[in-house]
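Visitor: Let's have the full structure, built from the sequences with the hints guiding it.
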Amino acid sequence: MSEHRKSWKPYAGKNDPCPPLKEKTYETPPNLYLGVQEPGLEQYKPADALKKGTLWPALFGPYESPFAPSTRANKKED
Amino acid sequence: MFVYEKKLLYPVKVSSCNPKLAKYLIEQYGGADGELAAALRYMNQRYTIPDKVIGLLTDIAMEEFSHLEMIATMVFKLTKDATPDQIRDAGLEPHYVNHGSALYYENAGGIPFNASYIAGKGDPIADLYEDIAAEEKARATYQYIIDLSDDPDLNDGLKFLREREIVHGQRFREAVEMLKENYSERKVF
Numbered sequence: 001m002s003e004h005r006k007s008w009k010p011y012a013g014k015n016d017p018c019p020p021l022k023e024k025t026y027e028t029p030p031n032l033y034l035g036v037q038e039p040g041l042e043q044y045k046p047a048d049a050l051k052k053g054t055l056w057p058a059l060f061g062p063y064e065s066p067f068a069p070s071t072r073a074n075k076k077e078d
Numbered sequence: 001m002f003v004y005e006k007k008l009l010y011p012v013k014v015s016s017c018n019p020k021l022a023k024y025l026i027e028q029y030g031g032a033d034g035e036l037a038a039a040l041r042y043m044n045q046r047y048t049i050p051d052k053v054i055g056l057l058t059d060i061a062m063e064e065f066s067h068l069e070m071i072a073t074m075v076f077k078l079t080k081d082a083t084p085d086q087i088r089d090a091g092l093e094p095h096y097v098n099h100g101s102a103l104y105y106e107n108a109g110g111i112p113f114n115a116s117y118i119a120g121k122g123d124p125i126a127d128l129y130e131d132i133a134a135e136e137k138a139r140a141t142y143q144y145i146i147d148l149s150d151d152p153d154l155n156d157g158l159k160f161l162r163e164r165e166i167v168h169g170q171r172f173r174e175a176v177e178m179l180k181e182n183y184s185e186r187k188v189f
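These protein sequences, in sequence, are chains R and C.
Going left to right, the first sequence walks through residues 1 to 78 as full-length UniProt numbering numbers them.
Going left to right, the second sequence walks through residues 1 to 189 as full-length UniProt numbering numbers them.
Hints are computed from structural coordinates only; laboratory data are not their basis.
Beta carbons are placed, not taken as given, at the ideal position from N, Cα and C, and that holds for glycine.
It is possible that some hints are incorrect.
SDA-like cross-link-like pairs, simulated, lysine to any residue; straight-line CA separation at most 20 Å [as the list claims (entries may be wrong)]:
#, chain 1, residue 1, chain 2, residue 2
1, R, Lys51, C, Lys13
2, C, Lys180, R, Val36
3, R, Lys52, C, Asp156
4, R, Lys51, C, Lys180
5, C, Lys137, R, His4
6, C, Lys137, R, Lys22
7, R, Lys51, C, Ile146
Per label pair, the in silico range of CB-to-CB distance [said to hold, decoys possible]:
#, chain 1, residue 1, chain 2, residue 2, range
8, C, Gly122, R, Pro19, 40 to 50 Å
9, C, Asp59, R, Gln43, 12 to 22 Å
10, R, Phe67, C, Ile111, 20 to 30 Å
11, C, Tyr4, R, Ala47, 43 to 53 Å
12, C, Pro11, R, Lys45, 10 to 20 Å
13, R, Phe67, C, Gly91, 19 to 29 Å
14, R, Lys51, C, Pro94, 51 to 61 Å
15, C, Glu69, R, Tyr44, 41 to 51 Å
Guide: So, in structure tokens, the structure goes:
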């Protein structure tokens, strides 16, 4: 799981009508941790920065759906 | 004064005609945490905010307008040439009856844009905390749309816009620190 994604295991009742999601997630983007940005941080190359949406690796918090097969935050095992 | 540059902030590509996705995306066009609300919120608050952060609000307001333009382009491409059958399948009949194929400032539930989505409290800390919350809410909305979307090209643009919300949230947090005049580490050059 991405460092920008946190999770918890909510209570699931025996008679919950929807199949319970055993683990739920939420996003904690890097702006929560950076504080006032210091000068001289590492930068992306301009073309990469334009694509990513930020010049600063320290501020890049990519997102993939936790429901997408590739991310598999909610695996259906056991 | 505005100077208009006739290109999008980030290229908008859409893989397929998909009015259903447009129905979701309209939330970012005319919804409470959408780009129109964001632009108007910052462009209005800037008049009464302390002068050292006026520039930040102006800059971000301008960028939000460029995001609004991207969202409009996405919605337009997703619905352009859609047939009445496709409109019906997407649940967009009420919009079509009212607006035809025109875009409109409304949320995903069809509620028209409302100025009460925007706060202008005149208290610098209250306003900036509102702005931080607005950015995080817009980020969450982008995540929910990405979760629902199966269009990789569209998602590419949405992921860019979501990252910009993160950067704006960072800058508003820094603006609060500037107004607190309490840098943990004050650098002098």
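Visitor: Does each hint hold? Answer for all of them.
Guide: Here's how the hints hold up against the structure:
1. R:Lys51 with C:Lys13: Measuring from Cα to Cα gives roughly 13 Å; hence the hint holds.
2. C:Lys180 with R:Val36: holds (12 Å)
3. R:Lys52 with C:Asp156: holds (10 Å)
4. R:Lys51 with C:Lys180: Roughly 34 Å separates the two Cα atoms, so the pair is violated.
5. C:Lys137 with R:His4: holds (16 Å)
6. C:Lys137 with R:Lys22: Violated, at roughly 25 Å.
7. R:Lys51 with C:Ile146: holds (17 Å)
8. C:Gly122 with R:Pro19: 40 to 50 Å: Cβ of glycine 122 of chain C to Cβ of proline 19 of chain R: about 49 Å, so the range 40 to 50 Å holds.
9. C:Asp59 with R:Gln43: 12 to 22 Å: holds (19 Å)
10. R:Phe67 with C:Ile111: 20 to 30 Å: Given range 20 to 30 Å: holds, Cβ gap about 26 Å.
11. C:Tyr4 with R:Ala47: 43 to 53 Å: violated (24 Å)
12. C:Pro11 with R:Lys45: 10 to 20 Å: holds (18 Å)
13. R:Phe67 with C:Gly91: 19 to 29 Å: holds (21 Å)
14. R:Lys51 with C:Pro94: 51 to 61 Å: With a Cβ separation near 37 Å, lysine 51 of chain R and proline 94 of chain C fall outside 51 to 61 Å, so the hint is violated.
15. C:Glu69 with R:Tyr44: 41 to 51 Å: violated (24 Å)
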